[in-house]
Amino acid sequence: MAESVSATNELPSIPGDPSPFVRFWTSLRKNNSAMTGLGIIAVFAVVAVFAPALAPYDPLIQIIGDRLTPPLTDGYFLGTDDLGRDMLSRIMYGTRISMIIGVVSVSIGSLVGGLVGMLAGYFGGIFDRITMRIIDIMLAFPYILLTIVIVALLGASLVNAMIAIGISQIPRYARIMRGSVLAEKESDYVLAERSLGAKDGELMFSTILPNTLAPMSVQATLGIGEAILSSAALSFLGLGAQPPTPEWGLMIASSKEFVTSAWWVVTLPGVATLIAVLGFNLLGDGLRDVLDPRLQE
Amino acid sequence: MGRLILRRIVQLIPTLFGVVTLAFFMLALSPGDPARVMLGERASQARLDELRTQLGLDRPLIEQYGLYLSRVVQFDFGTSIKSGRAVTEEIADLFPATVELALAAMVFASFTGIVLGVLAARKKNSLLDTASMAAALIGVSMPVFWLALVMIMIFSVGLNLFPTGGRMNIRYYFTPITGFYLLDGFIVLLREGDPKYLMSALHHLVLPAVALGTIPLAIIARVTRSSMLEVLGQDYIKTAKSSGIPDFKITFVYALRNALLPVVTVIGIQFGLLLSGAILTETIFAWPGIGKWLYHAIEARDYPAVQGGIIVISTVFVLINLLVDLLYSVINPRIRLQ
Amino acid sequence: MDEPLLSIQDLKVDFSTNRGLVRAIRGVSFAIRKGETLALVGESGCGKSVTAHSITRLIPTPPGRITGGKILFEGVDLLQIPEPKLRDLRGSRISMIFQEPMTSLNPVFPIGSQIMDVLLTHTKMKKVDARAKALSLLELVKIPAPERRFKSYPHQLSGGMRQRVMIALALASPNPGLMIADEPTTALDVTIQAQILALLEDLKEKIGMALLLITHDMGVVAEVADRVAVMYAGRVVEEGEVFRIFENPSHPYTRGLLESLPSNPLYKETKRLKAIPGSVPDMITLGEGCPFANRCPLVRPECTLAFPEPTTLDTDHKVWCYAIEEEPVL
Ligand SMILES: Nc1ncnc2c1ncn2[C@@H]1O[C@H](COP(=O)(O)OP(=O)(O)O)[C@@H](O)[C@H]1O
Ligand SMILES: [Mg+2]
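Residue numbers (our numbering), protein chains in the order written: chain A, 158 to 454; chain B, 394 to 731; chain C, 269 to 598.
Keep in mind the hints are simulated off the structure, nothing from the lab. Cβ atoms here follow ideal geometry from the backbone N, Cα and C, with glycine treated the same way. Hints are not guaranteed to be accurate.
[Unchecked claim] To list a few chain B residues with every Cβ distance to chain C over 12 Å, as calculated: (1) Arg-400; (2) Lys-475; (3) Leu-595; (4) Asp-628; (5) Ser-636; (6) Ala-693.
[What the hints assert, rightly or not] Think about it this way: if two alpha-carbon atoms lie no more than 30 Å apart in a straight line, the pair counts; the simulated DSSO-like pairs of lysine-lysine are: (7) Lys-395/C to Lys-631/B; (8) Lys-401/C to Lys-642/B; (9) Lys-586/C to Lys-631/B; (10) Lys-395/C to Lys-474/C; (11) Lys-516/B to Lys-353/C; (12) Lys-631/B to Lys-392/C; (13) Lys-642/B to Lys-419/C; (14) Lys-394/C to Lys-516/B; (15) Lys-631/B to Lys-410/C.
Same shape as in the complex, but just chain A:
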């Protein structure tokens, strides 16, 4: 948290009218929800990047003699699981996996969805009608079912889980992008640039695109949280990460038998998931407050 704040504070100050980014940052900083979310995400990001340095143990190493050690015992801060692996280290490495899943699947979803939405909104016509029809049908499938079926077909693995989650998120980005492109397309400045002879590509990617980033980034932030939850669900069903990967959902799944004996094995990976997702939800809510012009007086 502290790092990200000070890094941005050292931006060279721009004389005169503050740039849109500086203005955005100033109002974001006043938003408690966004700042809490950003703080949580920053902590998780640091843990993810420096997991090898921070984790006290190898997440895969099994010390059978120390099986199911409760937290704060024998130097295990969060205890050990049924195979004698250190919970804290596994959760720290799990952070890596969840962050990567979140970012990769949202990248897939938002890039494909954004591109489709951009083309459909900009060119309209038959292409628009066909793609929107397909999007509607995809939306007729419940999200989690779509993900499960795609993974089941591609084969159970972490990479396929990311692809599946990315694909299931395509419709929402396509819709949001199309909506904002339709709104921007007729705006004065686009019409002006067009009359000055700007090409379609230029208009789409250098004129219209920057103005669609606000709603897209809100959705992407919330999407990362949802992707983390989906990946946990897939792993829980045995369709995502495979043992012995320290993935949070998988850790919860393999703890099922210990509801009677070892609460920490059951609870802790879920708490980690909850806090990470909460971070993205808080940031997403905050971003929406700051970026949504309807909410600004």
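Dock chains B and C with the ligands against the given chain A, drawing on the hints supplied.
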């Protein structure tokens, strides 16, 4: 109104057609030979050929698709490879369990969510408001299966208040009447005066319903609150106040009736998501519904069952959305009377 | 002179905003007698609505707060009585109609049942009787085919019709004493405006209630008011019988108001004063003096220091201005 309903139903047809098509091709085009996947690596050639013929896999894809379509419109989804029973029959057997659970969860989520949202909006920025909205935010950030496990750990294992799974005490050897156990239990109570089936069904339903309902509850509470806040600032609320209508009535009748319009939509969406999310909760609570069934079908690569399950769940999802839209028009006179 | 029906004495209302404390009402006093029409006039933003809402304590709190003064209705201070007592008065003895007929009726209930609700709140009527009474009210406010309109929803009615329904709603009590009409015609077409005003006058006669009519239109004042209170930036600057004010406007602001009317067509178009130079002061930074000082042609040194005490010019004509004794009374 009648014409509105008709138009919406007609609009449904292409969507459902798309759902069937997507379900068909997703499985037909998935990597690997379905027959081999289903029978395993060591299956004999003869057995493989037999299955291929049975599934029509030896015919051109387009022909398979045409055949599938023609059967689906007659509600025939083929035969489950695993059980050998008609997929339609299996689904019909299991659906009441899923619907009962989803309905119970939704009733719990809607009622609690709306009350919480209204109270939070009435006392904006109070302790209750802050606490319930923080809880709601945590609620939407939780993995549902984890919540279910934690609840089993606390309420079943720890406090021994509820059973850990199933729908009815197995020692009762209960034969379902409608498949909705709560209803069945009630019927038995009326017929024989014995409440034990009803009580047992209820007892088994509480924990899964609460677990499944928590996330929708959180979402409904958040939407209700923001919708109420908007409505409470409207001119007609000022009119009601200036007419001396009691506060309680203003909140729960004058304002809530308006604030519910967006909430109804959210409840519908959540109900649809709940049915599909059943695959997770049913697996944990050993709830013999369509979610658990579909999970096993996917595991076993039982293609006809998976296709049938997907189509039925998606169709119900779409139908619920339609129902919600229509309900929205019914409670909103501005649309109803157009 | 008998005791007034409503008497507002030195009312003060603040709003806390993120820009600072807005002292919206800074000591407003006026009185309304039984059966009379008092017009409260002044530019938009001068505090007319806040004053009106304060009477039945409908100021949104927070951000608003009534910080001082008395509001005596039939001798009882409405600012002191408990909330339930006040609620009994709202809609039965004191009722309000608002500027926006389009948004002031609940969109999801038929208009008939909205009127019935108010009747059932304030009386022990049976449902059938309330229904009959609601119908007769719709008839009273001259809504055509009331039987059919009874089940209509607000969105099915025109603006003028909705304002009639609002009036019916305001009359839904066994014995209305005061009706507060906050710019009831501002949002309506000119022809409809005249009809609604005529209806209000007519009803006032019939029922014998008093009317507090808020407006920024001096033309309306001349037509319907018995007495006038002129407001400027949170203060009443002149109060009196309507013909005295029109004949002998004594505050420089009132004079400006009248000079810009009715011959000046700019007023009707922009609804803003053109004749007085300068602009309305910022209610956050404005000091203790006369709020009109920065625009006043007769400004003196003491004007910016403290607000003047009222000067009584005639039996029913008061003005709050230092410059008054220098001006010859015409
Ligand atoms: N809810 C509120 N929050 C903050 N300030 C308010 C609020 N309501 C009114 N005010 C302030 O009170 C002043 C008077 O408003 P109002 O009574 O509505 O004027 P008008 O004479 O046009 O009816 C305004 O200048 C405004 O700044
Ligand atoms: Mg006003």
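For each hint, the structure was consulted:
1. Arg-400: holds (22 Å)
2. Lys-475: holds (51 Å)
3. Leu-595: holds (35 Å)
4. Asp-628: The claim breaks: Asp-628/B does not keep its Cβ more than 12 Å from every Cβ of chain C (closest is about 4 Å).
5. Ser-636: violated (4 Å)
6. Ala-693: Since the minimum Cβ distance to chain C is about 51 Å, Ala-693/B lies beyond 12 Å and the statement holds.
7. Lys-395/C to Lys-631/B: Holds, at roughly 24 Å.
8. Lys-401/C to Lys-642/B: holds (22 Å)
9. Lys-586/C to Lys-631/B: violated (33 Å)
10. Lys-395/C to Lys-474/C: Status holds; Cα separation ~26 Å.
11. Lys-516/B to Lys-353/C: holds (22 Å)
12. Lys-631/B to Lys-392/C: Distance of about 24 Å is within 30 Å: holds.
13. Lys-642/B to Lys-419/C: Roughly 21 Å separates the two Cα atoms, so the pair holds.
14. Lys-394/C to Lys-516/B: Cα-Cα ~34 Å, so violated.
15. Lys-631/B to Lys-410/C: Holds - the C-alpha atoms of Lys-410/C and Lys-631/B are around 24 Å apart, at most 30 Å.
Of the numbered hints stated above, those contradicted by the structure are hints 4, 5, 9, 14, listed in ascending order.
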